Every structure is written in C-alpha cells, then in structure tokens.
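Chains as they are written, first to last, in numbering that gives the first Met the number 0: chain A, 0 to 171; chain B, 0 to 178.
In short, the hints are calculated from the structure, not lab data.
Predicted model only: the values in this text are computed from it and were never measured.
Watch out, some of these pointers could steer you wrong.
[Stated by the list, open to error] Using 30 angstroms as the maximum straight-line C-alpha spacing, the simulated DSSO-like pairs for lysine-lysine come out as follows:
1. B:K154 - A:K62
2. B:K39 - B:K3
3. B:K102 - A:K68
4. B:K90 - B:K165
5. A:K128 - A:K92
6. B:K102 - B:K154
7. B:K154 - A:K92
8. A:K128 - B:K3
9. B:K90 - B:K102
10. B:K165 - A:K92
11. B:K39 - A:K62
12. A:K62 - B:K104
13. B:K39 - B:K102
14. B:K39 - A:K68
15. B:K154 - B:K165
16. B:K102 - A:K62
17. B:K3 - B:K102
18. B:K104 - B:K3
19. B:K90 - B:K154
20. B:K90 - B:K104
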Amino acid sequence: MIRALLAAAYVVFALVPTARADDALDLRLRHLESGLRCLVCQNQTLAESDADLAADLRLEVRKLALAGKSDDEIRDYLVARYGDFVLYDPPLKPVTWVLWFGPFVLLAAGTVTWIVVGRSRRRATPGAKAEFEVAARNLLAGAAASPAGAAPAGVGQAETDSGDAARQPLDG
Amino acid sequence: MTLKSLRWLIPIAVFAVIAAFLYVGLFRDPREVPSPLIGKPAPAFSLAELHAPDRRLSPSDMRGQVWLLNVWASWCVSCREEHPLLVALAKTGIVPIVGLDYKDKPGDGRAWLTDNGNPYRTSVMDSDGRTGIDWGVYGVPETYVVDRAGIIRYKQIGPLTEQTLKQTILPLVRRLQAS
C-alpha cells in the first residue's frame, strides 16, 4: 500500500515538471510555427494548416527543437529546403529592398509632391481669389443692373482673368 | 515651359509602372516557389527500393550520369497526367529516371506501376516523407534534373508537360550530358 502510494506520488511529481516543460515547448513551437508558411495552402501558417505536409513539418520542427536546435537554426533548416518563401517575414537583402523600403519611398515621394503642390497653390491662390472676387462682384453688379444677357459674358471674362492670374505667380 | 507642361505625365507614368507589375503578376503561378536547391548538391538519402526492399539506393549511386528524380505516389491524381510522358521518355533511353514513391504504401505503389507502366530505373520508398522534406518537396509530382556531379540543375513543380519536357528538360539534359 505504502509502496503503491509512493509510486503514485513519484509518478505525479515526475510528471509535473515534464508537463511544464512541454507547455513551454508547445508555446515556443506555436510561436515559431506562426511565422512559417505552409507551402501547400500558402496563406496559412504552419501552425494553423491542416495539410499533410504541414503536419509533417510540424513534427520535423518539434524533433529539431527537442534535439536542442534554436529557433534560428530551425528556420534556416526550412529555408535551405523551401526558400525564403517559408518565412512570413521576408529577410532584408538586396532583392527585397523594394519590398521593404518601397512603401516608405512612395510615402516620402507623395509627401514631397503634396508639399510642393500645396506651396505653389498657396502662392497662386491670393491673386486668383482677388480676381474671382472682382469678377463675382462685377457679375452681381451686372446682374443687378441688367437682369438678362450680361451674366454669360461676365462669367467668360472672369474665367480667363482668373486663369491668367493663377498662372502668373508660377512662371515668375 | 515644355518640361512643366509634361508634368501631368508623371502620375500616369507611375501608374503605368505599377499597372505593368500587377499585370505580369496576374500570369505568374503562386504555386511555383523557386527552389533554393538549384545549383546545390542533391540531398543525400539511402532508401529501400520499392521492388526490392532489401536493396537501397542513394543519390551517390547515380554519380557520373545525368538523371531525373521524379516524385510520385499512387494516391497522386496529377501523376496520372504526366505518367505517359515518363513512360515514353524511359523508352527512348535518353536519361535514367529514379522514382521517389512519396508517402505511399509499398503495395499500392507497386500495383500502380503494374497498372500504369513503370518508367523508373528504380523507385525508392519515402514512406514517412522525410526525404521529400530534404528535397523541398511540397506537392506531388515534382521532377528534378541532377547532373553528373550530383548537383540539382532544375526542378519542375507539378506534372511534366510535353512542352516543358521538349523545351526545357531534354535540352538541359543533353547539355549536361555533353559537358
């Protein structure tokens, strides 16, 4: 009886630390596998894919981890066989520069364009605004003086004037 | 004056470049992942032969000749598609084909070859798919061209077609055999 109890206690205590170590390993593997791509269903990670190959690769990854390989070594193992494509985060190297920096370059180019255009427009605006105001006032005065006929000519006039005014500061 | 009046072309040019990239991307097969093993030594294995399980074959046994490694399985549907081409190629005797029977039951594999014809000099059994992983196999069929020195020169993902065979694989084999 006592022997049986002791044996049971031994089994329980022996299991507890192992279970904890397994949990840590599981956690580590899940983290590692969610950064790896399943090559069969390419929009899924190794962790979430049900494909046969994914299961095989998970087993392989676990074996490597149990053999004491680091995450980087495991990643290198897979990259050597399947290429950078297995990594969800493409590595930074000359062929991926466009991928990594392209968006920032486009953002910078867009910002510069925006600023330049905005500045030239701001410089152009006051003159144009004044012209428009004059034209609008003329229009209103004209409309008040002679309700019919004068307005269309006034509009055409105002457009030409404001166009020139808007262009003037840019060339100068 | 002229430069300034051409400014409106800039956004159109940027759009055209992006559109061109996207257009080309439409016709590329995302299933085809370039293998990092091209130009590298064929990964070693020592596997039991399908028809003579007491004998083993490894890539070093093929040293000195250009050969094809064709990954197949009896459960693989698209293998049926390419199989007649392999049988015909084997008849010409141009290049030896080694079969890697991937994650298959030996009985099923042998029966399949009896039914469909056996183009392979030898087929070896990769029952657990470990060798497949070493070779970067992620779908069946796949076909590798290995040169005399045991370097992988080409990888075909998916079934062989008459076109790829005639335009890519056979010219490559001849070139490798001549060198």
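- Message: Flag every earlier hint the structure violates by its number, smallest first.
- Response: 2, 5, 10, 17, 18
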